[in-house]
Each structure stands twice: as C-alpha cells, then as structure tokens.
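A.B. asks: Protein chains in written order, with the working numbering: chain G, 1 to 110; chain F, 1 to 113.
Accuracy of the hints is not assured; some may be wrong.
Unchecked claim - Covered stretches of chain G (in silico footprint by chain F; criterion: 3 or more residues with CB under 8 Å from a CB of chain F, positions within the stretch not fixed):
| no. | region |
| --- | --- |
| 1 | 36-47 |
| 2 | 50-59 |
To be verified - So, partial list: chain F residues that the calculated Cβ filter (under 8 Å) puts toward chain G:
| no. | residue |
| --- | --- |
| 3 | S7 |
| 4 | Y10 |
| 5 | G42 |
| 6 | Y50 |
| 7 | V52 |
| 8 | A102 |
| 9 | G105 |
| 10 | G107 |
| 11 | T111 |
| 12 | V112 |
Claimed, not checked - Pulled a few chain F residues facing chain G out of the computed Cβ check, cut under 7 Å:
| no. | residue |
| --- | --- |
| 13 | T5 |
| 14 | D28 |
| 15 | L43 |
| 16 | M54 |
| 17 | T86 |
Hints in this document: simulated from the structure, not taken from any laboratory. From the three backbone atoms N, C-alpha and C, an ideal C-beta is built for every residue, glycine too.
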Amino acid sequence: GEDVEQSLFLSVREGDSSVINCTYTDSSSTYLYWYKQEPGAGLQLLTYIFSNMDMKQDQRLTVLLNKKDKHLSLRIADTQTGDSAIYFCAESKSASKIIFGSGTRLSIRP
Amino acid sequence: DVKVTQSSRYLVKRTGEKVFLECVQDMDHENMFWYRQDPGLGLRLIYFSYDVKMKEKGDIPEGYSVSREKKERFSLILESASTNQTSMYLCASSLHRANTEAFFGQGTRLTVV
C-alpha cells in the first residue's frame, strides 16, 4: 500500500540541529522528497533523494535514507527562526503520482 | 520562474452553492493536481490530470469534479458545497515523468458556512 507517516510536531532551540523523520511503506518508490511549507504559502521542494542513495547533503540539509527500514530523515543544522515551517515527506514512483505525509510542524525556541 | 496561480486566496461560500476553484500554470506542464490540506491529515489528493480533457480520481474525489479544457488550466468544482469541505485547497503542476518536482500554488482557503 501507499502510506507516508511523520510525527506532527517538533520543537528545537535556535542553533541546535533539527531531525525530522518519515517512514514510508512502498519499497518500489524511486524518489523521496522533502517539501517545505511556510505560513500562508504553498509547498516548495527543499531536496530529494534517489532510492539508490543513502545520504545527500546540501549546505545545512542532510537527508538520510534507510531502505531496509523504509525510513527517511531530514537534518537541518544550526536551525534558524526562518526554518519554522511545516515539512512534508513525499514519495514518487510514477510519472503522475506523489504521495505526501501529514507534515511535521517545526517550531524554533529562542 | 514557474508560476502556479490560484484564482482566490480566501473564499466564503454557503452550503449548497456550486463553487469553482481555478488554477493556472505557465510552464507547459502535463500534470496538474488538486489537493486538500487539513490539520493532521497532510495533503490528500482529490483529482489529477495528465493531459487535456483527461482526469483521474485521487484518494478523496467524492463531492468534487474537475475540468481540464486547456493545458494550462485545471478547475476544481464543488457541485454542492458542504461544511465538511471547508479546507485549504492546493493546486500543483509537474512534468509527466518520474523524479519531477511538483510546483504548488499559494492555496485557497475555502470556508463553507
């Protein structure tokens, strides 16, 4: 079946690292994504990883993929107030369908 | 810049009204999608279209219909609005291939009273 699960909330202190976790059920997914939704806006692609990769790093963002456990994580180093948003994990295995998780709301404490 | 434009940011409609939500994209994308976003439920796919005049049901099509007469425009229709259709509606578009980014509009917050 198709299901992507995330915890709903995460609170971190400014300057700490944030780790947002996601599990998915469809092992045939070829691409996994992280989207960011800022208040009052639509979603924007943050980063993605191909299913034959274990890790991808892009500046403050690190994506880790554990295919055996079907677990995806997004680490944001040195979290800033501008990182406050909802983060959606998503999987895609076809040309016309992307499945989104419920989203994790990241809040930053001073 | 890719642009996906939804016609309204906020709408208030009465129960039983017919409601049209319009979405236009300017990147010649084949795929267009309508999602609704509710707290704790994430994005749920209502309908999608991969070509003009083509449409496919998503996970929650009941109470909705769609129209794609032109490639750049995808309309969501609520035949008879009900209070449980109060939600944030998001339109998206993408190329018709795997590993493709979906581009989203700003969303329409619909309240049915």
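A.B. asks: Now look at each hint and say whether the structure bears it out.
C.D. replies: How the hints compare with the structure:
no., hint, verdict
1, 36-47, "holds (count 6)"
2, 50-59, "violated (count 1)"
3, S7, "14 Å, violated"
4, Y10, "11 Å, violated"
5, G42, "4 Å, holds"
6, Y50, "5 Å, holds"
7, V52, "14 Å, violated"
8, A102, "6 Å, holds"
9, G105, "5 Å, holds"
10, G107, "6 Å, holds"
11, T111, "16 Å, violated"
12, V112, "20 Å, violated"
13, T5, "10 Å, violated"
14, D28, "15 Å, violated"
15, L43, "4 Å, holds"
16, M54, "10 Å, violated"
17, T86, "17 Å, violated"
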